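Chemist: Mind docking chains B and C on chain A? Use the hints.
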Amino acid sequence: MTNHKLNTPEDLNRLRDLLAKQRENGRTIITVCAGTGCLACGSEPVTAAFRKAIKEAGLEDKVEIRTTGCHGFCERGPLVVLRPEGTFYQRVKPADTKAIVEQTIKNGQLVKKLLYRDPQTKEIIEKEEDIPFYRKQMRLVFGKNGYMDPTSINDYIALGGYQALAKALLTMTPEQTIDEVSKSGLRGRGGGGYPAGRKWASCRRAKGEPKYVICNADEGDPGAFMDRSLLEGNPHAVIEGMIIGAYAIGSCNGYVYVRNEYPLAVKNLNIAIAAAREHGLLGDNIFGSGFHFDIDVSRGGGAFVCGESTALMASLEGKIGEPRAKYIHTIDAGLWDKPSNLNNVETWANIPLIIEKGADWYSSIGTAGSKGTKVFALTGRVNNTGLVEVPMGITLREILYDIGGGVPRGKRFKAVQTGGPSGGTLIVETRDSKVHDSLVAHGDIKKEDEVVSLLDLPVDFDELTKVGSMMGSGGMIVMDQDSCMVDVAKYFLNFLQEESCGKCLPCREGLRIMLEILTRISDGKGEMKDIDTLEEISQVMIDTSLCQLGGSAPNPVLSTIRYFRQEYIAHIVEKRCPAGVCKALVSHAIDETCTGCHICHSACPTNAIYGETKTLHIIDQEKCIQCGACYQLCKFDSVKRVKRGEGDRIQRIAKEKWQPLAKKQPAAAA
Amino acid sequence: MAQVSITIDGQSIEVEEGSYVLQAAEQLGIRIPTLCYYAHMAPYAACRICVVEAWDGKGWTKIVTACNYPVWDGLQIFTDTPRVISARRLNLEMLLSRCAPAPVLQQLMDELGITEPRWGIGTDTCIMCGLCVRMCDEVVGAHALSFSNRGIDREVSTPFKLESEDCILCGACARYCPTGHIRMTDRDNPILHSELILGPNAAISIPFRQAIPNVPRIDPDYCIHMATDGCMLCSKVCPKECINYEEKDEFEELEIGAVIVATGFQDFDPTPMHPFGYGKYPNVLSALEFEQMNNAASPTGGRILMENGEEPRSIAILHCIGSRDENQHKYCSRVCCMYALKFAHLVKEKTNAEVYQLYIDMRTFGKGYEEFYQRILTEGVNVIRGKGAEIVPALPEQSGEGNLLVRCEDTLIGKFREIPVDMVILCTALEARSDAEDIARKFNISTGADGWFIEAHPKLAPVSTTTEGVFLAGACQGPKDIPDSVAQGTAAAAHAIRLCNMGEIMMDAAYAEIQEEFCSGCRICNGLCPYNAITFEEEKKVSEINPALCKACGTCVAACPSGAIKARHFTDEQIYAQIEGILAS
Amino acid sequence: MSLPMEARNELEQVITTIVDRYQAKPTALIMALQDIQRQYNYLPMEALRMVAKKMSLPVAQLYGVATFFKAFSLTPKGKNHICVCTGTACHVRQASVIVDNLARALGIEPGETTPDGEISFETVNCLGACALGPLLTLNGTYHGNMTVPKLNKILDKLRAKEPVEEIAEEVE
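Protein chains in written order, with the working numbering: chain A, 1 to 670; chain B, 1001 to 1585; chain C, 2001 to 2172.
Chain A with its partners taken away, still in its complex shape (with noise of 0.2 Å):
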């Protein structure tokens, strides 16, 4: 067995020469993604087609099949970039890859029919870096995603790495990593903010022994997939940063704590581990500079809670997820009451760049209070869902429409929800005049008053701060007319409860109680007293819950009343939900824009939908339980929801105007 330690700087640089030498010689790397999204969709299948069919062609020395972590385009998986040209493969499937083989990788010609197509101008785009939804990112952190193999160091050695790490080691004192980093203005990526040289500062000045240091991988936010896609593109990125950090704070134990649910980030980050090992890396005495530091990786059990510090810790610690008081910060004591340093996953990526490229690079990047990228995962009610790594700075609006690709099928953006669940707070277009006007009725502006659209602030962890909302972990999630925010703020109270360790009164009880009165409320049971109430209680929770999961936890419900109390007002006074959402306010009624396609019909689990073919549909309002199985399908948008007992009207009026029509397109294709 070859020995593969890396002993000394010089031996890393001997090895990335080497690696460079032999990849270059020409070969096409088909680079197939295979992130938990794209696998999802499909990729490994398209994997093993292209291994065939380059086999069968014969060209195995000239081209290389190389699996990498996430590209970020997840709507347009799997996809397949040929590198180093760059040419950009959506929505491939196994049938596809003989084509790409024979014509591309052969002949050089693109299959048209699998390139991108630009929805506005609807032009192909050939290359990966010209498509509008990459063409703003700048993928500082992620990029390396789309190049490498997670599972081979040899990929993350030929691309620079561990140079940072060698540079820190062994030309720069603790202190002057600690400095470096201060310098640079990283903030902590997970949401809280906290600029990150001042907490090394703080760790290694604490008295203790041993000191910890921790990566808080419990990506608990729904609709946050960033952290995950880090760790299962790029670990070492993750490896190295923890490796420099510990040297800085002078710690010898490292962990990363991740979620339960990401089993292919645990896969990779054990192999990344045990390759650091075998490299030296890893363990004692690292590139001969004296230091040792290992990791250990750990799982969360399934708790949303696990992701506040103290609660990471006592799990850690093989105790239940109940935090503690924060009055005694954990760099002072934290895991097993000693100095812990916990950053998160994409805070501690950023590291190795920072140091490799140095602070004056990086804070010239980002704005003057937030420095460097963030990545975003949108999701939700936009084109473009996927991972996005952007210059802090940039405004929503550039995110949404200009990278995200606005909202899809015609439909009208309301409102985007950042921060997850605890703290979440919403970003609406508050010139709309609705919002206009909820603002006014809350008391928070004049009528006369002009305001800036917060779709136009800059993204930066001050600016949205300032008016009371936040950039959060990097969840974005779109939501369109079709989203009541009643129902989002009982969604979340709903998540919070379940989630909640039960530990401190004011987080048990308080959200139990604002549940049955959102609850009350979307039934139509509500009371303007309620509107008072949900204030109240959220006051109460804010000032005193144990943790932030009870002390942001109103945030989405005073978020809601903020923007939208009219919605609110309507539930409660008229008993209606205007965005159609909340059952017991709702009837589905199927209007004269029904194709008869037939599809509704066997979704509806009460059998209430009658119609032949190529006639119009009716729902019967008796039977129907409002499930929304029929609203989801319709691909004609015939499916009205409307107030509660408005259904046969619509149904009546649509009996008139029905007419069979020969061909009918389906609306705003997406």
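Just so you know, these hints were derived from the structure itself, not from any lab. Note that the structure is predicted; figures quoted are calculated from it, not measured. Any given hint could turn out to be false.
[As the list claims (entries may be wrong)] Below, in silico cross-link-like pairs of lysine to any residue (SDA-like), each with a Cα-Cα straight-line distance of 25 Å or less:
hint	chain 1	residue 1	chain 2	residue 2
1	A	K267	A	G193
2	A	K326	B	R1083
3	C	K2054	B	R1089
4	A	K434	A	E450
5	B	K1062	A	G193
6	B	K1442	B	C1553
7	A	K635	A	D118
8	A	K267	C	Q2039
9	A	K529	B	A1509
10	C	K2054	B	P1282
11	C	K2079	C	L2057
12	B	K1540	B	A1577
13	A	K319	C	Q2039
[Unchecked claim] Label-pair restraints from in silico Cβ distances:
hint	chain 1	residue 1	chain 2	residue 2	range
14	A	K21	C	G2111	52 to 58 Å
15	A	K113	B	E1155	57 to 63 Å
16	A	D294	B	L1162	38 to 44 Å
17	B	E1163	C	P2115	26 to 32 Å
18	A	D294	B	Q1003	40 to 46 Å
19	A	R23	B	E1155	56 to 62 Å
Quick reminder that beta carbons are idealized off the backbone N, C-alpha and C, glycines included.
Modeler: Showing chains B and C alone in chain A's frame:
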């Protein structure tokens, strides 16, 4: 540790840096309500009732929990701002929506002026304060309880909701539960007559009112510290730091002139007398057990109850169990008839039960005793002259009147009877203690065939023994009741004091002597003396007899191979002379 | 629950192997329990007692951990396990329709198992494949862009004990 200066509600105080607000407030006499706080455990800060407003005097203000917020120099605390009060009120209202208003919650309601909680009143008795779990984990160290599930489903339970194998039954969780959600109950039947204990049953207590010294002592069988190395709460609260867990029994040597042996008696154990079913059937009690149950300090509070916690409908009192018995003790235990009549009287006073008194003879010898007997007869007690023969379970058709059946011969009417009763009291004999022989040996006195210590003269010297300086008092000399024991005790004390005043004792003229010049130092006589009167003098290498202890039995005289021992007034020559005298006549 | 001697010894061996795998470290407790659950399809009470003993932890603590974390079940899960994602992105894409219809079709609530032990289903608060929402996993395999007709097809196949066509590969 450094001292810092803080103010609470405008009052200043200097406290240790890093200590908590709650303690500082206590020192100032300012009350901050709490629900989950206990002084000798780490603060848990779950109830959020102790919230106060912290201010730095400039712009920063924050709501914090007083029980675990560490103080810093210049900190200003306000305990009753509107923000604080409304937080406490709302939290309490929310808690009440789920929990019944236990006294501790009712008190808070009164303090905060809540009369109509907005979301109603619930029925849960657990307020999730965690005191039980933390007590078991941190103080006791048994780890028998924990929190399970989470959120609104969170609850305190034992593992798998089964009986906890780690529970040491200390009762700390029940003691500290503020609402009574956790209780200690007896496992099987509510009453186990054989385990009723009088007086305090804590691990640390003053054993009884007259204990000397009159201070608490730790019972190592029940002390949690002895079991788990944890707790030690007593030493934390003792202001004089008197608790010493390492203290062991000490042995002291004293020189004594007079000894009064008052070791008392032992209650006869009727278990070997199978016909009576003691230990086999429930509700068959010994007299002492019945006596204990009747005491106001007993767990029943003095009520007469069967094992299932109900009052008996009928009781049989059986005299002479173990006394006047050819197979057990032949003697009469003297006191049983009177206490049996007392029992009958107590039953009649406390319950509506029918009483059956089964006796052989009524021995009512003392002052007022016969009159008491006559009174009992008027109270409707069924006196049956005939010793109880057998106790068996009643037949199902008889269970309407009683669960046990007493079989006896009613000699006055000449018939065998079977009487259904709910409870049977066995008037057990008094017997000598099992260690009486040991004590006799130690103090050089004798026991009789019946086990009681032998007095010097049955009529004329009832408190002395044949050993000078050792006196008897009380039942150890023979069964007797309280007035007689007191009289005897006084007499023995008088004897002892007289002895001590005289400073010398009168010895019998007859005792044995060792002639030193003939003693070979063989030491055969040492072990032979039944009165331990002979010791070996190491320096002179000869044996010595203590004339005060010697009873002139003559054993050593006969045994000495050198003929070195002579009994005074019983020399060989004197004995020969006596023999010759007898033979001559 | 008292196991027969043979079963007890077998369980003891499995537990010892698993605990040794993690050197009985408390930081690996959750991982050890996950391994046990993967083997037996739930956490048997005897297993938890053995783990407590081997790791020198109180049984009460183990019980607390096993009931606190959603990943664990103290009762056997179904032969087939369905996880429906109810993360925000999927909720916005009407995951509740899938949850409601699944509950109705199986006659059980999320977190429960059908009486015949065939199917259990639960909700998860984000599987991280938001582009495919609403989605569910069946025994670890992802099925995205879920609709009620698709769901019914899956259930039909399960009931007929036929293999369900995979849209994606297994991740674990």
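Chemist: Does A:D118 lie within 25 Å of A:K635 when you go C-alpha to C-alpha?
Modeler: The hint holds at about 22 Å.
Chemist: Decide if the proposed pair is consistent with the structure: C:K2079 and C:L2057, CA atoms, cutoff 25 Å inclusive.
Modeler: violated (31 Å)
Chemist: Go ahead and decide if the range 52 to 58 Å is satisfied by the Cβ distance of A:K21 to C:G2111.
Modeler: Check passed, 57 Å falls within 52 to 58 Å.
Chemist: Assuming the hint says 57 to 63 Å, is it satisfied by the Cβ distance from A:K113 to B:E1155 or not?
Modeler: 59 Å Cβ-Cβ, so the 57 to 63 Å window holds.
Chemist: Are A:D294 and B:Q1003 spaced within 40 to 46 Å by their CB atoms?
Modeler: Holds, at about 43 Å.
Chemist: Check the hint pairing B:K1062 with A:G193 against an upper bound of 25 Å on the C-alpha distance.
Modeler: Roughly 20 Å between the alpha carbons, so the hint for B:K1062 and A:G193 holds.
Chemist: Decide if the proposed pair is consistent with the structure: B:K1540 and B:A1577, CA atoms, cutoff 25 Å inclusive.
Modeler: Measuring from Cα to Cα gives roughly 35 Å; hence the hint is violated.
Chemist: Given the hint that A:K529 pairs with B:A1509, does the C-alpha gap stay at or below 25 Å?
Modeler: With Cα atoms ~110 Å apart, A:K529 and B:A1509 exceed 25 Å; violated.
Chemist: Go ahead and decide if the range 38 to 44 Å is satisfied by the Cβ distance of A:D294 to B:L1162.
Modeler: holds (41 Å)
Chemist: Hint check: B:K1442 vs B:C1553, CA-CA at most 25 Å. Holds or violated?
Modeler: holds (18 Å)
Chemist: Given the proposed pairing of C:K2054 with B:P1282, does the C-alpha separation stay at or below 25 Å?
Modeler: violated (43 Å)
Chemist: Just to be sure I understand the hint, the distance between the Cβ atoms of B:E1163 and C:P2115 should be within 26 to 32 Å; is that true here?
Modeler: holds (29 Å)
In summary, the structure is inconsistent with hints 1, 3, 9, 10, 11, 12 from the numbered list given earlier, while agreeing with the others.
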